[in-house]
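Q: Could you put together the complete structure from these sequences and hints?
Just so you know, this note's numbering puts 1428 at position 288 of the sequence shown, and the rest follows in order with no gaps.
Do not take every clue at face value.
[What the hints assert, rightly or not] Below are the DSSO-like pairs computed for lysine-lysine, each with C-alpha atoms no more than 27 angstroms apart in a straight line:
(1) Lys1214 to Lys1450
(2) Lys1297 to Lys1335
(3) Lys1450 to Lys1144
(4) Lys1304 to Lys1288
Rather than coming from a laboratory, the hints here were simulated on the basis of the structure.
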Amino acid sequence: MVLKIAVLDDYQNVALSLADWSQLGREVNIEVFNENLATEDAAAEALADFDVLCLMRERMPLSAALIDRLPNLKQVNVTGARVRVIDMEHAAARGVTVCHTYAGDSRHATPEIAWALILAAARHLPQEEARMRSGLWQNTIGTRLGGKTIGIVGLGKLGSRMAKIAQGFEMEVIAWSSNLTDERAAECGVRRVDKDTLFREANVVSLHLVLSDRSRHTVGAHEIGLMKPGAILVNTSRGPLIDGVALLAALHENRIRAGLDVFDIEPLPHDHPLRSAPNCVLSPHLGYVTQETYEAFYRDTVENIIAWRKGAAVRVLAAPDR
1141 MVLKIAVLDD YQNVALSLAD WSQLGREVNI EVFNENLATE DAAAEALADF
1191 DVLCLMRERM PLSAALIDRL PNLKQVNVTG ARVRVIDMEH AAARGVTVCH
1241 TYAGDSRHAT PEIAWALILA AARHLPQEEA RMRSGLWQNT IGTRLGGKTI
1291 GIVGLGKLGS RMAKIAQGFE MEVIAWSSNL TDERAAECGV RRVDKDTLFR
1341 EANVVSLHLV LSDRSRHTVG AHEIGLMKPG AILVNTSRGP LIDGVALLAA
1391 LHENRIRAGL DVFDIEPLPH DHPLRSAPNC VLSPHLGYVT QETYEAFYRD
1441 TVENIIAWRK GAAVRVLAAP DR
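A: Encoded structure:
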């Protein structure tokens, strides 16, 4: 019997070239989806015949309702280890095994994209690059980072890396989170401040929190209102950390600038107001999208399928009772 495998949300169409899928043998049929299946109905219709789904991070939720509409589903592979969009209990109850892959080297990749956004916003690179392409010359005045203050919200693995890079720019580094201690801040060579002080003093604010009910809208109208004129707000964590209505208002009022890699809805709809908002640099959730990470993701996905077919599943997040 042929095993039908769906590789989802391969936007760059690279999945089959970054791992040796031939290890699965000849009795498999692999179909790659390059476009996001944006609704439950679209996903249910497209995936009803597949035995195995290979998900890219959180690009497509797998709810209980969708699982129930996939009668042939037996195994799911999701890249990364932290997964919020799969109903694990329902998958197990339906006899579906869920496996994860290597978590990815976000310690380097995500801070790098954050600094790309900071630099692009500070020096107006998108606008100047567009002018160069059209035959024009310089038109904007940039902002120096050296000697300025960066406020890091969340001083964990990624936030501490951001602090180290900021120190290389000779920036003053301040930090806040609800559980940050003076000891942890001192370990990273930064100064712990309260939340209002961070937003009031920082020339750049970079968010590095895990999304939860508590952290949702960590940055709202109050925090944005405290920011210095022209300060840069950067988000490479999760879109809902920022109140989108308050952010849009501040951008249109020319009060702050922003660099955003993550959004409340992904992919960002064609008509979303952020696409035409001034004073912001946008990237399509590229934080973890590197050659090295993708090679590891798809290598582990192939290994997961092989092990599961042998009855000895590895990297298991959820498994049916036997």
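Q: With reference to the structure, classify each hint as holding or not holding.
A: Hints, verified against the model:
1. Lys1214 to Lys1450: Holds: lysine 1214 and lysine 1450 sit about 14 angstroms apart, inside 27 angstroms.
2. Lys1297 to Lys1335: Between lysine 1297 and lysine 1335 the Cα gap is close to 20 angstroms, so the pair holds against 27 angstroms.
3. Lys1450 to Lys1144: holds, 16 angstroms
4. Lys1304 to Lys1288: holds, 15 angstroms
Against the hints set out earlier in the document, no violation occurs for any number.
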